[in-house]
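S.K.: Let chain A serve as the given structure and place chains B and C on it in line with the hints.
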Amino acid sequence: MTEVATAPAVPVAGRAHASLARLVRAELRWIFRRPRTLVVLGLLAVIPVIVGIALTLVDSPGPPGGGDGGGESLLATAGGNALVLPIGTLAMALGLLLPLSAAMAGADALAGESAHGTLRGWLLGPVSRGRLLLVKSIGVAVFTVTATVVMALTGVLTGLVINGTGSLFTLSGTTLSFPAALLKVAIAAGWVALQLWAVGAVALAISAWTEHPMVVLASVLGGVIVFSVLGLLDALDWLHPFLLNHSWTDLGDVLRDPMPGGALAEGALRAGCYIAIALSLAYARLSTKDG
Amino acid sequence: MSTSTQVTGVDVAEAASTPPVPLAARTRGLRKLYGRTVAVDHVDLDVPEGAVLGMLGPNGSGKTTTIRMLLGLVRPTAGQVSLLGHPVPEQAGHALPDVGALVEGPGFHPFLSGRENLLRMAAAEPRLATSDIAGAVADALERVGLADAANRRYRGYSLGMKQRLGLAGALLVPRRMVVLDEPTNGLDPAGTREVRAIIAELHAAGVTVLVSSHLLAEVEATCTHVAVLQAGSVVAQGELAELLESGSPALLVSTPDGTAAMEALRSKRIPSRLTPGGVRVDLTATTPPEVVAALVHAGVDVHEARRDRTGLEDLFARLTQEPQGEVRS
Amino acid sequence: MNPKKRAVTVAVAGTAIGAAGLAVMAMPAGAEEAPELPPVSAQELVSSVLRADIPALAGNVRIENDLGLPSMPGLPVLDVESARVYHDGDEGSRIALEQGSSELTVVQNGGTVWSYDSAENSATKLTVPAETREHRAHAQEGFSDPTSAAGQLLDYVRQSSTVSVDGTASVADRPAYELVLTPKPSERTLLREVRIAVDSETRVPLRMSVLTNGTTEPALEIGFTDIDFGQQPANLFQFTPPQGATVTEERPRAHDERMPAGAIGEFSGEGWDTVYTGTVPADLTAAQDTEGRDVQSLLDRLGKRVSGDFGSGYAIETKVGTAIVTDDGRFAVGAVPQQVLTDALAQR
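Chains as they are written, first to last, in the UniProt record's numbering: chain A, 1 to 291; chain B, 1 to 329; chain C, 1 to 348.
Because the hints were derived from the structure by calculation, they are not lab data.
Errors might be hidden in some of the hints.
Stated by the list, open to error - Each computed SDA-like pair below joins lysine to any residue, with the alpha-carbon atoms no more than 20 angstroms apart: (1) C:Lys5 / B:Pro289; (2) A:Lys289 / C:Pro129; (3) C:Lys4 / A:Trp209; (4) C:Lys4 / B:Gly79; (5) A:Lys289 / C:Lys4; (6) C:Lys304 / C:Asp327; (7) C:Lys125 / C:Thr246; (8) A:Lys289 / C:Val12; (9) C:Lys125 / C:Glu249.
If we strip away everything but chain A, and leave its shape as in the complex, we get (with noise of 0.2 angstroms):
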């Protein structure tokens, strides 16, 4: 680096790239500073409230559920249970909410950030286009992490207000410890946490894509809506493993005492073969992208 040494005034010489730590946390400021990002989180915490709420004012359990909804039967079991209703309005919001609150993020990244010209900005510092994609990636990362944890610890905290500490049963009819069941919700969360980092993942390839937000927003909206679709039709049950929504009404395992591993293993499997896919394409897009 001799050009270096040749630079007038160098405050730090030698490096050619800003540590990873350092951009880690601007962008993490930068997602936590952006007024949509709150209400996003706002709403998500809000809504367990609002469904614990209203489950005690009709205070019944609804029609015993048909086989097919995922959060929607849930719910009608978490009226009086306290584990029931943090996993079930996950379950429910995992069905559009979340995915959606994980595209907002995955589109603001690259596309919005297209958008503002400030991808520019870093591109010049310069930030190599993988660390860029890495820093992104922990950032949407993060995000539907704290999205996911708000929702949960919400629905805790509503369910233990309005059914107590007693009320933490499994839907084998277990009653768990406070501990024991905070780590049911744990690995809800967790689990959810990861299948929206592969809806994650889809946007911010779609997002190295285009320089418009809501291109992102609208495609994976679209894309739930086919993928929900495709897995009703029975005739297409082949293509049903290959669908990243395929296993999301299974989260309702957790609350079965002893937790059936298999389909959540499986859903698992699936979210980081979407991961997998996705981050390389967005890689391969916004390596050769012209900034």
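M.R.: Below, chains B and C alone, put in the same frame as chain A:
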């Protein structure tokens, strides 16, 4: 010195391939296609170290595309770019820490304050230690006159303030080279003067500056070198002073007796015409000393003799309006 | 490497890995090769099954039916696709039936049987009196000599069936013998054969498949998809109703109470073409299901009109069996073609 003058279509250009001054940036055969549209073609640009090079051209002449390729933001379809000695975009990462840039207008987040926007930008600067970021941001804000508005949201900034914030972003770290794409866009005359002052400061500190503009006056006021782009190609480049003289060479002679002067010159077969207060002598076939000698010899009073600077405006107008083949030096 | 090439490489590699992972999940579990096991006779196999105590285990049972039944919404029993089964090797067992997002759990520990329905948050406690259990235990003592018991059982079964050990199979990753019961040619039945896969080591039946004439896929299959033998946590076999649950206590009804009056039918025929005939209880005919449809309209949808010497009524046909309900309230059911049922009805 004249060897660095290069105007397309003239053989003198070949002499420019071995400039005596080291180059901060250099492109060869640069070409960029967007689909089937040629944005930039055959751009051989030389930015001498320490120079303030004004990139002049009408809108759509390829200035911004050239700058984006120079900074590694855009991959050229063909040709080479070298920035501070590093091939770009392959090793842009080695050069960019020493380059400050304001490209395509300022890009900032509307919901963050000016300071927060700069802090975010500064996080990506390898040359800044984490502990120095806050200070560097404050200095840069001070330098562009935004210290008072630093904590206001970017959304509420005027066009001029936005432009200044962009400038501050380019000046976060002491640079070896600063690239400014239309830096005075949206600035009021006072703001424009400030930008000129900043460019002059950078120049004085030995920083290479590349400024693009479609305003001739601005380039004329701030630059040591000029490159003129038209329809994606460099049609002229070189030192400002030489390009200014590279129109039709002429000598303006102030004399109380213009008619006598014309007659004296006609006898020497030197074409000239009468102007208010003197004569204008065509230097195509002669030199200023010969002209002065002829006049003095004929007993004509010569009060003043100076080169006729046609002005960059004239040059610019001719270069960008005439077909390339007719451009003369 | 130039960035374009690297981008393509990364894209192709990442997509390939991801797609391969998805494809692996989408692939149906391939038929595993039949394991090599020492040969065993049908009698030995049956007696070893009778002799074996069910060890402590945990497993998943999958129920797949392709009965060819017209779709019947609101028949909850058919909704069950899988169940998790636990056994402590002694008197404790636990079955969890998954029904969509709710669960029906049955926990048995000695004489106490709890069942819990998560959709209703209701629990039922059934206490089996000690004398009933002793009675059962006594009945089991009849099998005290499994070898002779197996002999008797096989003798009985062989009157109508061919019993053989037909190779081996791998069920839930465990090597198993396939015990096959095939009806004798004289039997008038819809069924082709019944296969029971028996674990080669523990001699626990792992899978039962019912195959019908003219199909290769089982019409009904119940089997473990995975199974682990080994000690299970004791708390699995305890049950305490959770907060807010509706708890009902039941005692088993006396034997004669079990069948509602008037529905008692009788078996006719022997072996595979056994037919159960009787009279539909009057209160059931009048009953309506939860969605307000009465039995009549249900029959209209499921069955087709038949008439003959026996009178007239509806016939409901599935791959494994047939049922006829006559207009005057008689019924006949069996794993037989319709003709056998009409004959049986005509004789009544």
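S.K.: All hints, please: hold or fail.
M.R.: Against the structure, the hints:
no., hint, in the structure
1, C:Lys5 / B:Pro289, "violated (63 angstroms)"
2, A:Lys289 / C:Pro129, "violated (77 angstroms)"
3, C:Lys4 / A:Trp209, "holds (15 angstroms)"
4, C:Lys4 / B:Gly79, "holds (16 angstroms)"
5, A:Lys289 / C:Lys4, "holds (10 angstroms)"
6, C:Lys304 / C:Asp327, "holds (12 angstroms)"
7, C:Lys125 / C:Thr246, "holds (11 angstroms)"
8, A:Lys289 / C:Val12, "holds (17 angstroms)"
9, C:Lys125 / C:Glu249, "holds (5 angstroms)"
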